[in-house]
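**Student:** Chain residues, written in single-letter form:
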Amino acid sequence: MTKVSRRQFLETAAGVTAASAFPHVWIRPAWAQAKEVRVLAWTHFVPAYDKWFDAFAEQWSSKSGVKVTIDHVPHLQIPAKIAAEIATQSGHDIVQLVGTGTEKWASALLDVQDTTDKLAKKHGGWTPLAENYCKVRSDGKFHAVPDFFIDFPGLYRKDLWTEIGMPNGPDTWEDLHKGGMKLKAKGFPVGIGLAHHDDSRASWRAIMWSHGGSEVAKDGKTITYNSKEVREALKFEKALYKDAMTPEVLAWDDASNNRFLASGRGSWIHNPISAYRTIEGSNKELADKIFVSLSPKGPATRRSFANCRAYGVTKFSKNQDGAKAFLEALVDSYRDAAKASTGYNMPFLNSYAKPPFPVISEDPKLKPLEQDAEYHFTTGYPGPLTPAADEVYQQFVMVDAIAQFATDKMDLEQTIKWGEEKIKAIYAKFA
Amino acid sequence: MDARRFWRRLKRDYGPYLPLSPYLFVVLFPFYWMVITAFKRDRDLYNLETAPFWFKEPPTLEHVKLLLEGTLFPLWLKNSLMIGVLVVFITLLLALPAAYALARMKFPGAQPLSTAMFLSYLIPSTLLFIPLSQVVRGLGFTDSVWALVIVYPSFTLPFCTWLLMGFVRTVPREIEESAQIDGCTRFQAFRMIIVPVIVPGIITAGIFAFTLTYQEFIYALTFISSSANKTISYGVTSDLIRGDVFYWGSLMAGALIGAIPVAVVYAFSLDHFIHGLTAGALK
Amino acid sequence: MSNGRELIGATTTGVAARPAAIRGSWFGREAVQGFVWIAPAFLYLAFFIAYPFFMSIYLSVSSARVGSPESHFVGAQNYTRLFADPVFWQTVRNSFVFTLGSEAIRLVIGLPLAFALNRSFKGKRIVQGIILIPFVIPIALSSLAWKWMFDSLYSVINWMLMRAHIIEYPWQWLGEPGLAMWSVIIMNVWRGFPFSAVILLAGLTAVPQEVIEAAKIDGAGPLRRFHYVVVPIVRPILLVGLLYSVVFSFTDFSAVWLLTQGGPYNTTHVFGTYAYNIGINAGDLGMGAAITLFIFPFLALIVILMLRFLRKD
Numbered sequence: 007m008t009k010v011s012r013r014q015f016l017e018t019a020a021g022v023t024a025a026s027a028f029p030h031v032w033i034r035p036a037w038a039q040a041k042e043v044r045v046l047a048w049t050h051f052v053p054a055y056d057k058w059f060d061a062f063a064e065q066w067s068s069k070s071g072v073k074v075t076i077d078h079v080p081h082l083q084i085p086a087k088i089a090a091e092i093a094t095q096s097g098h099d100i101v102q103l104v105g106t107g108t109e110k111w112a113s114a115l116l117d118v119q120d121t122t123d124k125l126a127k128k129h130g131g132w133t134p135l136a137e138n139y140c141k142v143r144s145d146g147k148f149h150a151v152p153d154f155f156i157d158f159p160g161l162y163r164k165d166l167w168t169e170i171g172m173p174n175g176p177d178t179w180e181d182l183h184k185g186g187m188k189l190k191a192k193g194f195p196v197g198i199g200l201a202h203h204d205d206s207r208a209s210w211r212a213i214m215w216s217h218g219g220s221e222v223a224k225d226g227k228t229i230t231y232n233s234k235e236v237r238e239a240l241k242f243e244k245a246l247y248k249d250a251m252t253p254e255v256l257a258w259d260d261a262s263n264n265r266f267l268a269s270g271r272g273s274w275i276h277n278p279i280s281a282y283r284t285i286e287g288s289n290k291e292l293a294d295k296i297f298v299s300l301s302p303k304g305p306a307t308r309r310s311f312a313n314c315r316a317y318g319v320t321k322f323s324k325n326q327d328g329a330k331a332f333l334e335a336l337v338d339s340y341r342d343a344a345k346a347s348t349g350y351n352m353p354f355l356n357s358y359a360k361p362p363f364p365v366i367s368e369d370p371k372l373k374p375l376e377q378d379a380e381y382h383f384t385t386g387y388p389g390p391l392t393p394a395a396d397e398v399y400q401q402f403v404m405v406d407a408i409a410q411f412a413t414d415k416m417d418l419e420q421t422i423k424w425g426e427e428k429i430k431a432i433y434a435k436f437a
Numbered sequence: 089m090d091a092r093r094f095w096r097r098l099k100r101d102y103g104p105y106l107p108l109s110p111y112l113f114v115v116l117f118p119f120y121w122m123v124i125t126a127f128k129r130d131r132d133l134y135n136l137e138t139a140p141f142w143f144k145e146p147p148t149l150e151h152v153k154l155l156l157e158g159t160l161f162p163l164w165l166k167n168s169l170m171i172g173v174l175v176v177f178i179t180l181l182l183a184l185p186a187a188y189a190l191a192r193m194k195f196p197g198a199q200p201l202s203t204a205m206f207l208s209y210l211i212p213s214t215l216l217f218i219p220l221s222q223v224v225r226g227l228g229f230t231d232s233v234w235a236l237v238i239v240y241p242s243f244t245l246p247f248c249t250w251l252l253m254g255f256v257r258t259v260p261r262e263i264e265e266s267a268q269i270d271g272c273t274r275f276q277a278f279r280m281i282i283v284p285v286i287v288p289g290i291i292t293a294g295i296f297a298f299t300l301t302y303q304e305f306i307y308a309l310t311f312i313s314s315s316a317n318k319t320i321s322y323g324v325t326s327d328l329i330r331g332d333v334f335y336w337g338s339l340m341a342g343a344l345i346g347a348i349p350v351a352v353v354y355a356f357s358l359d360h361f362i363h364g365l366t367a368g369a370l371k
Numbered sequence: 075m076s077n078g079r080e081l082i083g084a085t086t087t088g089v090a091a092r093p094a095a096i097r098g099s100w101f102g103r104e105a106v107q108g109f110v111w112i113a114p115a116f117l118y119l120a121f122f123i124a125y126p127f128f129m130s131i132y133l134s135v136s137s138a139r140v141g142s143p144e145s146h147f148v149g150a151q152n153y154t155r156l157f158a159d160p161v162f163w164q165t166v167r168n169s170f171v172f173t174l175g176s177e178a179i180r181l182v183i184g185l186p187l188a189f190a191l192n193r194s195f196k197g198k199r200i201v202q203g204i205i206l207i208p209f210v211i212p213i214a215l216s217s218l219a220w221k222w223m224f225d226s227l228y229s230v231i232n233w234m235l236m237r238a239h240i241i242e243y244p245w246q247w248l249g250e251p252g253l254a255m256w257s258v259i260i261m262n263v264w265r266g267f268p269f270s271a272v273i274l275l276a277g278l279t280a281v282p283q284e285v286i287e288a289a290k291i292d293g294a295g296p297l298r299r300f301h302y303v304v305v306p307i308v309r310p311i312l313l314v315g316l317l318y319s320v321v322f323s324f325t326d327f328s329a330v331w332l333l334t335q336g337g338p339y340n341t342t343h344v345f346g347t348y349a350y351n352i353g354i355n356a357g358d359l360g361m362g363a364a365i366t367l368f369i370f371p372f373l374a375l376i377v378i379l380m381l382r383f384l385r386k387d
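Chains A, B and C, in that order, are what the protein sequence lines are.
In this text, residue positions in the first sequence follow my numbering: the first is 7, and each later residue adds one.
In this text, residue positions in the second sequence follow my numbering: the first is 89, and each later residue adds one.
In this text, residue positions in the third sequence follow my numbering: the first is 75, and each later residue adds one.
Everything labelled a hint here was simulated from the structure, so no lab data went into it.
Remember, predicted model here, so these are calculated numbers, not experimental data.
Do not rely on the hints blindly, as some may be mistaken.
Computed spacing ranges between beta-carbons, pair by pair [stated by the list, open to error]:
1) A:Lys224 <-> C:Val171: 53 to 59 Å
2) C:Ile131 <-> B:Lys153: 46 to 52 Å
3) C:Ala124 <-> B:Phe113: 45 to 51 Å
Beta carbons are placed, not taken as given, at the ideal position from N, Cα and C, and that holds for glycine.
Pulled out of the complex, with its shape left as it was, chain A reads as follows:
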């Protein structure tokens, strides 16, 4: 019958086309190539860095005889990839830890103390932030090689702030509030995202810490959300939102504040210099008006948030030595990397953590960034970066609390109660 033979024909045709469509699949070898190292890394916010990184990997590959391939993945997709790889015990040899801390992955990542000791010896030791991020408390060893951290200074429009009498931008959060109010009236509000993305959970923590408040105490266990300082911080945050920002920040993502500044409308954002670099590339005259200031100081102290990066070697890697060697070479070349990143990558090694910094120290505009290593801390501050602290970070508890309070969905006491209960519920999981 015609219908049947047509079907048979189509089936055979499909089979043939299928086989010819994916020839590379048949040829590709399995992951178990001892002379290969696969790296899972994020897509760097400064594209120039990735170009350098890929070139570095190629050079190292030819020198060492071990082939290094890097898969760049948007940072939001990295957790899913790592989760699937750990579940299947197969995948990349090196995975980049993007902001989450090492402790929660400790049992899946190799002890790399030997590599980190070598680097520490050569470069004056690791900064406390690096140790916090990569040392696992249960065995006191490094389970990831620290690479760099991302700072959050203030980027401001010098022309606009000069008009209102603050030519060097706001130095304290209160300055930001007052100045922002005036600028908003002129049509140039400030902006800090208040939504489910990285920038939000960084910036609002910086404000909270600067007011002396925190989610948890130094011991990493006692919840300190229900405190006078946090209440002060919340009240300030609400005032800042209402007086100096527009509701658009509730819908922002990691790219929004960059666009906000680039549109010419934004007068101040809290962001690493990637935003400035992008504008430099597309709108030189606007970029000339943008300057960098320290992350503002609060009534208690000056604190900002460090979003950290480190590389772990997976326990299922078939080329652990090759991986470690590559990482050692990479972190050794920190100066070149920092240069390639145009000043975005901040140091974790003591000898690099003081001036002169590549790029930053050479540009008078960026000189304030030299101090960043001193006052940047990360999730869990003032305690260590525990898995519990990380989960609070992942679930956006801080951000949701502030958003609900700032938009009048909850009053102060309700917000404190809501936040405290949620944090306690999460910490209880790790007790």
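Chain A is fixed; fit chains B and C onto it per the hints.
**Tutor:** Here is chains B and C on its own, set in the frame of chain A:
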């Protein structure tokens, strides 16, 4: 008289456009805007002053170029289409005999099995993807389009089987029985009678399956790493969002190029699709 | 005589009895044959659905976390923690609102469109193609397009509405709590209404003109015609289409995730996105599995209600 006939013909040939126009507007406006965005220069695009519906600065092909040359988009498109076609085949290959057996044959457990088949459609892929990645790994398919080809039928198979069962039931038993009297085996009756009659149903099931496959995102995200093996959904969202920069022009171009060929195919098979659905209702 | 009811019957009734005379030659091997025919499909399902499904159930009653391979049985702990979590209940509510809201609007919009497409006119094929475009663009990509259309700064929708003086200040489509849910629904409706229209169109074409004419002759008004003639014929087709569409919305992950990631403050979290955030981003696999498992009973509930409603005679 001529005028009246003219208006009547106008009404007959173009009448529906009146009620259709709001729909066309709602569909076309984002589409038109996507087209403009794909060809607008970045300076023009990120300018709050200019109208989004036309060009202030002359249009540019740079976004399309970035899409076609700077990423592996043509390869992703090929992957998506190939995976779609293969998955439809596998699905039909498994679903047709199963649908026939469940709808026509009497054997222990037929009833609970067909209910189980139906219920498995309700299990979402977000639940399964971690354990499923272990299964896929166990079979040796890591970072490969084949991983998707073998995994996608898991959400097309239940629905298509259930659908085809309905179509099988619409074939009058008498025809099969007379074939049996003539000496046909079960399989011959299936092949020569049932299958040809339910071709509209097969096409319908195929269209559903292809749509589900083409749209899929999370399995692609989980099982694929290298750029060369990505599908459209995953490739465009991962490679055209670099850090905190969304390459909107190229993203829109990607969405359009990914959609248009498929839309054309759907437009042509729409009549069969509708015929298929109605054939299930009428006899 | 078979009719549309057969399709509904597919879910519940078994195989009808057959004359004894014929049963003989095929029946003998039927018990075995049946299994042979269904074997490939069910083997596949056992491997790729049943096994991972039971694994997920195990995950949901364990303390599994992404980083640690050892996990232990914790009974209903994940579930009790979930019940105490206000965000979870918000997620449940959001999922229902999202799915049912989108579906209802799609049907309402789709019906007039189906009527319009039921006639032949010049350029119909092109119009059909155009109307289908939203349905055919992969949802990950159309979500991104809508994200840009709803952008807090560059929204083209705001631009139009403000120029037309319909609104005075830019709306935060993805930032304002109630509005964000509407935005997500709008996008879901946009990409789904072509399909709903096609389903309804199939239903309309299924009703033979003679039957309508007969009803007209019998003196039935349009409403009665609709209820007693059109609806029973259209029901099975509607069932197929609705089922497909509702399941697609209820289990959705990428649409909401790409637009709002569940924000602002969890007002658009649906099962898929909340489970992903907890299970993958925060690393609590056990709880993530528990959240996703909840899709199942709630969805089954919706489906049963749909079946019951559409079976009413």
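**Student:** Taking the CB of C:Ile131 and the CB of B:Lys153, does the distance hold inside 46 to 52 Å?
**Tutor:** 49 Å, holds
**Student:** Assuming the hint says 53 to 59 Å, is it satisfied by the Cβ distance from A:Lys224 to C:Val171 or not?
**Tutor:** 43 Å, violated
**Student:** Is 45 to 51 Å a correct range for the gap between the Cβ atoms of C:Ala124 and B:Phe113?
**Tutor:** 47 Å, holds
In this structure, only the earlier hint numbered 1 is contradicted, and the remaining ones agree with it.
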